[in-house]
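Each chain sits in its own coordinate frame; assemble them with the hints.
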Amino acid sequence: MSAEAQQQQRDGGAAAFEVGRPDPGTALVRLQGDWTVHARLPGVAEVTAAFAEGAPPARLAFDTSALGQWDSTLLAFLRSVGEEAVSRRIEVDDAGLPDGARRLLRLAAAVPERGDRSLPARKPWLARLGDASLAFGGAAGEAIGFIGEAALGLGRLLTGRAQLRSADLWLLVQQAGAQALPIVALISLLVGLILAFVGSVQLRLFGAQIYVANLVAIGMTREMGAMMAAIIMAGRTGAAYAAQLGTMQVNEEIDALKTIGVDPTDFLVMPRMVALILMMPLLCVYADALGILGGFIVGVGMLGITPEQYWNQTLAWLRVNDFLLGVGKSVVFGVIIAVAGCLRGIQCGRSAAAVGEAATSAVVTAIVWIIVADGICAVLTNVLGI
Amino acid sequence: MAEPGVPPPIAVEGLTMAYGAYVLQRNLNFTVQRGDIFVIMGGSGCGKSTLLRHMIGLKSPAEGAVHYSGESLWDASPERQREILRGTGVLFQKGAMWSSMTLAENIALPLQEYTSLPAAEIRSLAALKLALVGLAGFEDYYPSEISGGMQKRAGLARAMALDPDILFFDEPSAGLDPISSRLLDDLILELRDSLGATIVVVSHELASIFAIADNSIFLDAESKTMIASGNPKSLLAECDNPTVRQFLTRGEGAAVTPVAP
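Residue numbers (the numbering used here), protein chains in the order written: chain G, 8 to 393; chain E, 20 to 280.
Hints were generated in silico from the structure; no laboratory data involved. Some hints here could point you the wrong way.
Claimed, not checked - Estimated spans, in silico, between C-beta atoms of each pair:
(1) E:Thr-244 x G:Thr-55: 41 to 51 Å
(2) E:Val-42 x G:Ala-139: 16 to 26 Å
(3) E:Gly-39 x G:Gly-20: 52 to 62 Å
(4) E:Gly-215 x G:Gln-170: 33 to 43 Å
(5) G:Thr-55 x E:Gly-33: 50 to 60 Å
(6) E:Ser-242 x G:Thr-55: 56 to 66 Å
(7) G:Glu-364 x E:Gly-33: 32 to 42 Å
(8) G:Leu-176 x E:Gly-39: 36 to 46 Å
(9) E:Glu-164 x G:Arg-168: 33 to 43 Å
(10) G:Ala-139 x E:Tyr-41: 12 to 22 Å
(11) G:Ile-383 x E:Ser-248: 57 to 67 Å
(12) E:Gly-194 x G:Val-205: 50 to 60 Å
(13) G:Thr-80 x E:Ser-242: 36 to 46 Å
Just so it is clear, CB atoms sit at the ideal spot from N, CA and C, and this is done for glycine as well.
Only chain E is shown next, with the shape it has when bound in the complex (with noise of 0.2 Å):
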C-alpha cells in the first residue's frame, strides 16, 4: 500500500549491525509501510533484537542508515532525534517497568517529559492506557506486585502514553502462556485497526507471526544478512530457501539425521 510521494514511516538501507570488529548483520534493505504489521523474524541470536535498537535510537549502526518518513535517524541531532523518537513507542521483552515507580507513575512519565499537562489530566490518561490493557483499576501497583504477563500488557500502556504513529514489540509472546500470548496477538491487530498504528514485531513464535503479520523480514545467522522478506504465508507457500522453510514448517522436511556412534 505504497502511496506515491509519501515517504515510508521507516526505511532501512544498507545497515551494517556490529559489535567492535564482530559484525552481526550486514546490508539489510527494507521498508516498512504505513499501517502494516512488520515482523522481523530469526532464529535466537540472528540479530533481530539488536536491530530493533538501532531502530529505536539506542545503537548506532556500523553502517547504513535508518529513516524515519524520509529523515535519517543517526544522522540527526539529539534533539531532532528525540522529536523523531516521541512518535515512537516501545515494548521491550519483559515490559522494563521502571521497578521504583506504580504502574500509574510508569505511564505518567513519558507524559510529564513530552506534555505540559496538569497532573490531574495525566493521571486520568494513565488510567485510560491501563484500561485499554485491561488493568484498570492496577494503577498504584508497583510492577513487583503483578504477573509477567501483566506487566507486559502494563509496558504496552506506556508505549501507547504518546499515542504513537509507530509501535515496537521485542518478542511480545515470549514468556507468555498461549492463551496470553493470543491475546495479547488480539491486541497488536486491535491497535492497528482503531489508531492506525504502524507496528514492528519482533518475534520467533510461529504461530503469533502467522496470525498478525502482512509484512516480514528473515535474518540468518549463517550469512549474516536477510535471506527473505515479504508476507509470511505467502513465504511459507513459495519461498524455496531451506533454512526459510525450515523454519516457517517448525524444522519439519529437514529433520535433525542421527549420526551413528
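If we strip away everything but chain G, and leave its shape as in the complex, we get (with noise of 0.2 Å):
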C-alpha cells in the first residue's frame, strides 16, 4: 500500500458526534471520523446535553457505522458518556459500538479483586500535624540510635575487638582522598581569590592592602579551608555513600551481611568513617594551601603587593591556634559527612527513588549538621579565647 493511499485510509475525518432521538425513548449517538490520540475530540458535555433536553430518554444506543479508526480515547469518551447514563438512570445499549471496544468496556467495568483495598480518606490536618511529629520524633531517635552504633564500633575498632578490611579502606580512602584533590583545589583558589578581592575593596580605603594577607591566611584556616573541603565532600562522598549502601539495601545486600552475623555497622560505616576522618585533614590542609595562593595571586598581581611582603606578612600572622582549630574542625566534619552518609544509605527504603531521595537527604543533613557544628565552634572559641 502506498502513503498516499495509507493517509487516505487514515483519514476518516474529524471525530465528532451527533445526538438523535429515533423515538422519544431512545437517544442515538451516531459517532463520526477518526477517534484516535492524535484528533482533536469533542467534550461529553454535548451528550450530557442531548440528556437534559426535552422528556428524559430511557435508553442509549450508539450508531457507529461512520466511525473510522478508534483508540483508547473512544473508549475513555464512551465510559464518561455511560457513567453519566448511569447516573441519570438511562440504560446503556452497548450493542451499536464496535466489538472491540464493547468488550475493552466490559474489562474496564469490571469489579476489581479488592476494591475495599482503596487507600485510606485524607486525615484531618491535627491528625496529619500529629503524625508528622511523630514520624520526625522516631526519625530522631533513629539517628541519635545511629550515632551511638558508630560510637559503639569506633569504639570496637579502637580497642580492637573489630576489624576493618584493608582492601575496602584503601579503596575509600583513595575516593575520598587523592580522587578529591582537583575539586578541593579550584573551589579553595577561588575562595582565596574572592575573599581577597572583597576584603581589598574595603581595606583599600584605608591603604592597608597589605592586610588581606592576614584576612586571607586566617579565614582560609581558620574558617573556610575546613568548611570548604566539608561543603564539597558532603556532596561528592557523602551522596556517594547515601547512594551506595541505599542500593545495597535495595539488593537486600545489607540483609544479607546481617544474616551471616556480620554488622553493617562495622562493615559498611566504619571503613568509611575512618576513610574520612584519615583525609579531612589533610583536605582541609590542601584547602587552606591552596585558599592562601589565592590570596596571594590577587595581592601581587593587583594589589601592587611585592612576593616577599606578602610572604612575610602572611607568616607573620599565621597562628597555629587558628590552624589547629581548622584541621579540627575539619575530622569533625569528616565524622559528621559519614555519619549522614551513611545513615541515610541505611534508612534508605527498597526503590529506585529512595536512593536519590536517600542521596539528596544526605547531603542537605550533613550540610546542616556542619554549618550547626561550625556555629557551636565559633561560641566556644569565642568563649575560650582561642
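Here it is as C-alpha cells:
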C-alpha cells in the first residue's frame, strides 16, 4: 500500500458525533470520523446536554457505521458518557459499538478483585500534624541510635575488637582523598581569590592592602578551608555513601550481611568513617594552602604587594591555633559527613526513588550539621578566647 | 517424619507480624520437619517474604515465637541468635550478592566471619561451592558481570558456604526462565537429598511448588492468617477452601466474571 493510500485510509475525517432521537425513549449517539489520540476530540458535555433536552430518554444507543479508526480515547469518551447515563438511570445499549470496544469497556467495568483496598481517606490536618511529629520524633530517635552505634563501632575498632577490611579501606581512602584533590583545589583557590578581592575593596580605602594577607591567611585556616572541604565532600562523598548503602539496602545486600552475622556498622560504616577521618584533615590543609595561594595571586597581581611582603605578612599572622582549630574542625566534619551519608543510606527504602531521596537527604543533613557544628565551634572558641 | 523426643528444626508458634499498627498476618502456627522441603505459599502481598524475614532474624515478631530446635530465636541474646542463625543459609530474591566483591570473596566472607581457616583453604572452599552450583571458573567475576540467573546460583553457593542444616529460599523462581527455574528446583531437591538439609521456600510458582514441596502452608491476605497446610498435591486433591483451590488451579473454576457496563 502506498503512503498516500495509507494516509487516505487513516483520514476518516475529524472526530465528531451527533445525538439523535429516533424514538422519544432513545437517545442515539452517531459517531463519525477518527477517534484517536491525534485527533481533536469533542467533549462529553454535548451528550449530557442532549439527555437534559425534552423528556429524558430511557435508553442510550450508539451508531458507529461512520466511525473511522479508534483507540482508547474513544473508550474514555464512551466510559464518561456511560457513567453519566448510569447516574441518570438511563439504560446503556452497547450493541451498536465495535466488538473490541465493547469487550474492553466490559473489562474496565469489571469490579476489581479487592475493592476495599483503596487508599484510606485523607486525615484531618491535626491528625496529619500529629503523624508528622511522631515520624519526626521517630527519625530523630533513629538518628541518635545510629550515632550511638557508630560510636560503639569506633570504640570496637580502637580497642581492636573489630577489624577493618584493608582492601575496602584503601579504595575508600583513594576515593575520598586523592580523587577529591582537583575539585578541592579549584574551589579553595577561588575562595581565596574571592576573600582577597572582597577584603581589598574595603582595605584599600585605608591604604591597608597589605592586610589582605592576614584576612586570607586567618580566614582560610580558621574557617573557610575546613568548611569548603567539608561542603565539597558532603556533596561528593556523602552522597556517594548514601547511594551505595541505599542500593545495597534495595538489593537486600545489607540483609544478607545481617544473616551471616556481620554487623553492617562494622562492615560498611566504619571503613567509610575512618577514610573520611583520615582524609579530611589532609584535604583541609590542602584547601588552606590553595586558598592562601589565591589570596597571593590577587595581592601580588592586583594590589601591588611584592611577593616577599605578602609572604612575610602571611607568615607573621598565621597562628598555629587558627590552623589547628581548622584542622580539628575538619575531622569533626568528616565524621558528620560519614554519619549522615551512611545513616541515610541504611535508612533507605526499597525502591530506586528512595535511593535518590537518600542521596539528597544525606547532603542536606550533612551540610546542616556542618554549619551547626561550625557555629558551636565559633561560640566555644570565642568563650574560651582561642 | 517427626521423631519423638527430638524438637523439630523450626517451629513457629502464635506468630503475629505487623508493621506498626498494620497487622499483616496473625496467629501463625506450623512446624518444619527435618529433611523436609517446606513451602510458604500465598498470593502477592500476603506476607510470605515478611514471614521469612521473621524466621531469619531480620524482623522481630509483634507476638509469638520462632523456635529453632526448641530454642526461641527472639528471646535469645544477640550472641546466641548469631549462633543459632549460623546453622542457616539464605538465598535472597535477587541473589543479594555484595556488589563490591568478587564471587569468591562473597562466598569467603561468611567463612572468614565464622571460621579461622587459612586464606588458601577458604579460597578452595569458595571455588568448590561455586562449582557445585555450576559456576566453576567464575571466582573472580563481580556480580554485575554475570546474568541474573547466575547471580542467583552464586547466592545459593554463598548460602551454602557454612554447610547449613537449614536453607531458606525467597522466591527462587522469580525472574528466571522456565528452564533455569527447573534447574534450580532440581538443585534444591539435590541439596536436600545429598546434604540432608531442611529447606524452607517462599514461592508462588505453582510448577515449582508441586515439583519440590513435601509440606506447605498457605497464607491468605484477606483473612490475615494461614488457611491451609499440608502437601500441595494433596491440598489440590482434597482442600475445599475456594481461595486455596483457586490458587492451586491458577484460577480455574472461578474465572473472573465480567460485569456489564
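**Q.** Range hint 33 to 43 Å (beta carbons of E:Glu-164 and G:Arg-168) holds or violated
**A.** Once the Cβ atoms are compared, 35 Å apart, the range 33 to 43 Å for G:Arg-168 and E:Glu-164 holds.
Q.
Quick check: does the Cβ-Cβ distance between E:Gly-39 and G:Gly-20 fall within 52 to 62 Å?
A. Between E:Gly-39 and G:Gly-20, where Cβ atoms are some 58 Å apart, the hint holds.
**Q.** Supplied distance hint 33 to 43 Å, evaluated on CB atoms of E:Gly-215 and G:Gln-170
**A.** 34 Å, holds
Q. Does the hinted range 12 to 22 Å hold for G:Ala-139 and E:Tyr-41 at CB?
A. For G:Ala-139 and E:Tyr-41 the Cβ distance comes to about 18 Å; the hint holds.
Q.
Taking 32 to 42 Å as the stated bounds, is the beta-carbon spacing between G:Glu-364 and E:Gly-33 within them?
A. Because 37 Å falls inside the window, the suggested range holds.
Q: Could you check the hint for me, namely that G:Ile-383 and E:Ser-248 are 57 to 67 Å apart, CB to CB?
A: With a Cβ separation near 60 Å, G:Ile-383 and E:Ser-248 satisfy 57 to 67 Å, so the hint holds.
(Q) Is 36 to 46 Å respected by the C-beta to C-beta distance linking G:Leu-176 and E:Gly-39? (A) 38 Å, holds
Q: Can you let me know if the beta-carbon spacing of E:Thr-244 and G:Thr-55 is within 41 to 51 Å?
A: Holds, at about 48 Å.
**Q.** Range hint 50 to 60 Å (beta carbons of E:Gly-194 and G:Val-205) holds or violated
**A.** Cβ of E:Gly-194 to Cβ of G:Val-205: about 58 Å, so the range 50 to 60 Å holds.
Q. Are G:Thr-55 and E:Gly-33 spaced within 50 to 60 Å by their CB atoms?
A. Holds - the Cβ-Cβ distance for G:Thr-55 and E:Gly-33, about 57 Å, lies within 50 to 60 Å.
Q: Indicate whether the distance between the beta carbons of E:Val-42 and G:Ala-139 respects the range 16 to 26 Å.
A: This hint holds: roughly 23 Å between Cβ atoms.
(Q) Quick check: does the Cβ-Cβ distance between G:Thr-80 and E:Ser-242 fall within 36 to 46 Å? (A) 41 Å, holds
Violation of the numbered hints given earlier is confined to hint 6; every other hint is satisfied by the structure.
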